[in-house]
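Student: Take a look at the letters that make up each chain.
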Amino acid sequence: MKAALKYLLPFALGVAVLAAWQITVRALDVPVYLVPAPSDIARAFADNFPSLMASLWATLQVTLIAFVLATAGGVGLAVIFSQSRMVENTLYPYAVALQVTPVVAIAPLILIWVGYDRIELALILIAFLVSFFPILSNTTLGLKSADHNLIDLFKLYGASRWQILVRLQLPSALPYLLGAMKIAGGLALIGAVVAEFVAGSGTATGLAWRIIEAGNRLEIAKMFACLALLAALGIAIFAALSALEYALLHKWHESALKKQG
Amino acid sequence: MLLSLRDVSKSFASGTQALKGLTLDVGAGEFLSLVGPSGCGKSTALRLIAGLIAPDGGAVNFAGDKPETGFVFQEPTLMPWANALTNARLALDLEGVARGEAEARAAEALARAGLKGFEQAFPRELSGGMKMRVSIARAIAAKPKLLLMDEPFAALDEPARQALNDDLLTLWREDGMTIVFVTHSVYESAYLSTRVAVFSARPGRVVEEIALKPPAQRDERYRLTPEFAAAAGRISAALKAKP
Chain A
1 MKAALKYLLP
11 FALGVAVLAA
21 WQITVRALDV
31 PVYLVPAPSD
41 IARAFADNFP
51 SLMASLWATL
61 QVTLIAFVLA
71 TAGGVGLAVI
81 FSQSRMVENT
91 LYPYAVALQV
101 TPVVAIAPLI
111 LIWVGYDRIE
121 LALILIAFLV
131 SFFPILSNTT
141 LGLKSADHNL
151 IDLFKLYGAS
161 RWQILVRLQL
171 PSALPYLLGA
181 MKIAGGLALI
191 GAVVAEFVAG
201 SGTATGLAWR
211 IIEAGNRLEI
221 AKMFACLALL
231 AALGIAIFAA
241 LSALEYALLH
251 KWHESALKKQ
261 G
Chain B
1 MLLSLRDVSK
11 SFASGTQALK
21 GLTLDVGAGE
31 FLSLVGPSGC
41 GKSTALRLIA
51 GLIAPDGGAV
61 NFAGDKPETG
71 FVFQEPTLMP
81 WANALTNARL
91 ALDLEGVARG
101 EAEARAAEAL
111 ARAGLKGFEQ
121 AFPRELSGGM
131 KMRVSIARAI
141 AAKPKLLLMD
151 EPFAALDEPA
161 RQALNDDLLT
171 LWREDGMTIV
181 FVTHSVYESA
191 YLSTRVAVFS
201 ARPGRVVEEI
211 ALKPPAQRDE
221 RYRLTPEFAA
231 AAGRISAALK
241 AKP
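Heads up: the protein sequence lines correspond to chains A and B, in order. Following the working numbering, the numbering of the first sequence begins with 1 at its first residue and continues without gaps. Following the working numbering, the numbering of the second sequence begins with 1 at its first residue and continues without gaps.
Source of the hints: derived by calculation from the structure; they are not laboratory data. All values reported here derive from a predicted model rather than from experimental measurement. From the three backbone atoms N, C-alpha and C, an ideal C-beta is built for every residue, glycine too. Take these hints with a grain of salt, some might be off.
Unchecked claim - Partner residues are not named here, just some residues of chain B that face chain A (Cβ under 7 Å, in silico):
| hint | residue |
| --- | --- |
| 1 | A50 |
| 2 | P80 |
| 3 | W81 |
| 4 | A91 |
| 5 | F118 |
| 6 | F122 |
| 7 | F228 |
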């Protein structure tokens, strides 16, 4: 009963809000170019289905490629940091500098350098820059959080640095990495959208471009449809990464234990 | 004799001098307890013997090659992502023992440590005492000649601690290994040891060595005998003496 309520209540709230929205907009006769009713948005969605799906696919591609690159790059650099204090001390300040500089401010530069004829590459690069840092910093912290007594025990048994890394440090960092991936997945989507807004026109074909396009034409219902798709995409990424986290951690990690209790 | 520490001193970067003038012999096959006040360098002595840290002065010498050494910490120090069997296999895995053989030996070690049937259990599913048993199984799976134990039972409740004391003595007798056991409990050292080295306050050194002759087979009744009381009394007196 409690479990059913957990899913039923948010769903019921959503339905109630949509119903109230629909009734209010119709009752007050709000023009569709200001606030479209949910039914208008659904119609806009159906009418533009092929082009919206193509845009969703474009945005999804940029987001996923950037996310995978950020995860691989972040983990790779964190592993290098864990092996060499000197490399970490040398590079970390620049990673921080890159992180704290607002990506919107760097985006035009990247677009110019990479070129509008290779817009997809530029979008991926920008989304990568936004999502890279949480992976790097959390994995670096996770690799350092391995139990020091266990490291001593590994050394006592003659373990190589490789064995300590693979059998001890990487598993210790896994909960940190998975937490960072949930953040980075959302950031990659934000990066992909922001990059397209900055690009503004040209060959970009993602959902962000559809929003600009629809806004210019005052197709507000279509803008809402794009927004709903972006939200759904963000939720899907988060849900997929949460499922991955559960699959990898639920047998042993404390965070999963509390949910069971 | 298995190993000896000669005039060993050790300071840490913080400036704390943990050990000064520590001289101690460890004989093959004995159960030697290191007893002393908190912070007297007992654990440091254990880590020196293990080779995890190097002395500033003096020397740690082994008769022959450094023996296969196991280490049991105060915390169970298990890998939380690995089940009991995989944890017990650690030393064998790192030494490159074939998987099948490593699993068989680890399963045997778990059974001997009293955990038959818990091979697949993850650490968080086990009680404190059972986790410590996994830790002991991991240490004995590699058949060490020398087992170093750093207050392994200090965090356990009394019944779990006494059960582990008896099981540890059985393992020690069966495997003929040498155990160096750090504890701050007079009664634990009196029950377990064939010899007790009493440490001074920091910087630590051995102020008295007490040889004990406990019966080979002992159980709870031994704790009620005059011999046990006398042994505990001698250790206690040595601890309180101000040299």
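Student: Hint by hint, note whether the structure agrees.
Tutor: Against the structure, the hints:
1. A50: Nearest chain A Cβ about 6 Å off; hint holds.
2. P80: Hint on P80(B): holds, closest Cβ of chain A at ~5 Å, below 7 Å.
3. W81: OK, holds: W81(B) within 7 Å of chain A, min 5 Å.
4. A91: holds (5 Å)
5. F118: Interface hint status for F118(B): violated (15 Å vs cutoff 7 Å).
6. F122: For F122(B), the interface hint holds, since the closest Cβ of chain A sits about 5 Å away, which is under 7 Å.
7. F228: It is violated, given that the least Cβ distance between F228(B) and chain A is near 32 Å, above 7 Å.
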